[in-house]
Amino acid sequence: GENVEQHPSTLSVQEGDSAVIKCTYSDSASNYFPWYKQELGKRPQLIIDIRSNVGEKKDQRIAVTLNKTAKHFSLHITETQPEDSAVYFCAAYSGGYQKVTFGTGTKLQVIP
Amino acid sequence: KAGVTQTPRYLIKTRGQQVTLSCSPISGHRSVSWYQQTPGQGLQFLFEYFSETQRNKGNFPGRFSGRQFSNSRSEMNVSTLELGDSALYLCASSLGGLAGGISRNEQFFGPGTRLTVL
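As you go down the protein sequences, you meet chains A and B in turn.
For the first sequence, the tail end lands on 112 under the working numbering, and the numbers increase by one without skipping.
For the second sequence, the tail end lands on 118 under the working numbering, and the numbers increase by one without skipping.
Keep in mind that the hints were calculated from the coordinates and are not lab data.
A couple of the hints might just be wrong.
Claimed, not checked - Simulated restraints on C-beta separations:
(1) Gly55(A) x Thr7(B): 37 to 43 Å
(2) Gly97(B) x Val20(A): 31 to 37 Å
(3) Gln109(A) x Glu106(B): 37 to 43 Å
(4) Val54(A) x Leu118(B): 47 to 53 Å
(5) Ser26(A) x Arg73(B): 22 to 28 Å
Even for Gly, the Cβ is constructed at its ideal location relative to N, Cα and C.
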């Protein structure tokens, strides 16, 4: 089955700096890659996603890039703010019935 | 539109008991997925239901089961509870199916049910 590895597990950045979280997947047939943000005590929320027919997608300060050849995708957050502090999860969907596999999460801390 | 709701929000059970959790998806969503979240294991996929049929299943023992009703509401049951079943159980809904050949799998999560097994 699919295996998704996420790095780093923790990340501390100064406010205003950029943060990058990377995920690698094993199933070359995976075709949908969402990212979720989970603040402490709250539910995960979809922040951005990308499909396999696209290499990059941006939404204001957030971007996701996909490299199908290397089988990895990354979340980029620019001009980080304290409210970006949360746990971020990547996921990959594969198979005819779109089975999902989540990464293990990255705890991002933005230091004011 | 109302979001995904889960009941109850908190549960305390003892080892050996069984428990049933409920999830009401966003109106119009036909797919419901269940996850177990623990501090050390992140988000673990349990199973997914679409139009009352289990489409996908994670690697959990048979003590974990679920079902989906014709109105897309879903229940998850855990029998013979163990201490290690203590976790936050999240459900998520999506439209499911295809639109223009693209899977409609953007998920929206509920607030979760916090299960404590003593």
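Against the structure, the hints come out as follows:
1. For the hinted restraint 37 to 43 Å between Gly55(A) and Thr7(B), the CB-CB distance of approximately 42 Å keeps it satisfied.
2. Between Gly97(B) and Val20(A) the beta carbons are some 34 Å apart, a value that agrees with the proposed interval 31 to 37 Å.
3. At about 27 Å, the CB distance of Gln109(A) to Glu106(B) disagrees with the hint of 37 to 43 Å.
4. A hinted range of 47 to 53 Å for the beta carbons of Val54(A) and Leu118(B) is consistent with their spacing of about 48 Å.
5. Between Ser26(A) and Arg73(B) the Cβ separation comes to about 34 Å, which falls outside the hinted range of 22 to 28 Å.
When each numbered hint is compared with the structure, violations occur for hints 3 and 5.
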